[in-house]
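Undergrad: Sequence:
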Amino acid sequence: MTEAKTTTERISFRRKRRRELLTFAVLAFGIWPVVAVGTVASYGFMVWAYQIVYGPPGPHDITPARPNSAE
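Quick note: the sequence shown uses full-length UniProt numbering, first residue 1, plus one each step.
Since the hints were made in silico from the structure, they are not lab data. Just so you know, even glycine gets a beta-carbon here, dropped at the ideal spot from N, CA and C. The reader is advised that the hints may include incorrect statements.
[Stated by the list, open to error] Okay, the calculated beta carbon distance ranges per label pair: (1) 51 to 13: 53 to 61 Å; (2) 44 to 20: 41 to 49 Å; (3) 20 to 56: 44 to 52 Å; (4) 41 to 14: 53 to 61 Å; (5) 40 to 18: 31 to 39 Å.
Just need the whole structure built from these sequences, with the hints factored in.
TA: Next up, the structure:
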């Protein structure tokens, strides 16, 4: 009876381990890369939309000095 129990425990452990490895693989190579790319893409979209509304960064109101001026 103990042999049957240990065999069942081994099978259960193998199934559990296989399921855990599959879950890790799906997370590591499927879901997290998609989340990372989506995060970077959404940040880029926010910067792009901000610059469409407010213009690119840098000084905007500076006009070049005229030649021969006293400025």
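Undergrad: Look at each hint and say if it fits the structure.
TA: The hints, checked one at a time:
Between residue 51 and residue 13 the beta carbon distance is about 55 Å. The supplied range of 53 to 61 Å therefore holds. Remark: the range hint 41 to 49 Å for residue 44 to residue 20 is contradicted by a beta-carbon distance near 35 Å. Look at residue 20 against residue 56: about 49 Å separates their beta carbons, and that is inside 44 to 52 Å. For the hinted restraint 53 to 61 Å between residue 41 and residue 14, the CB-CB distance of approximately 40 Å leaves it violated.
A hinted range of 31 to 39 Å for the beta carbons of residue 40 and residue 18 is consistent with their spacing of about 33 Å.
Taken one by one, the earlier hints fail for this structure at numbers 2, 4, listed in ascending order.
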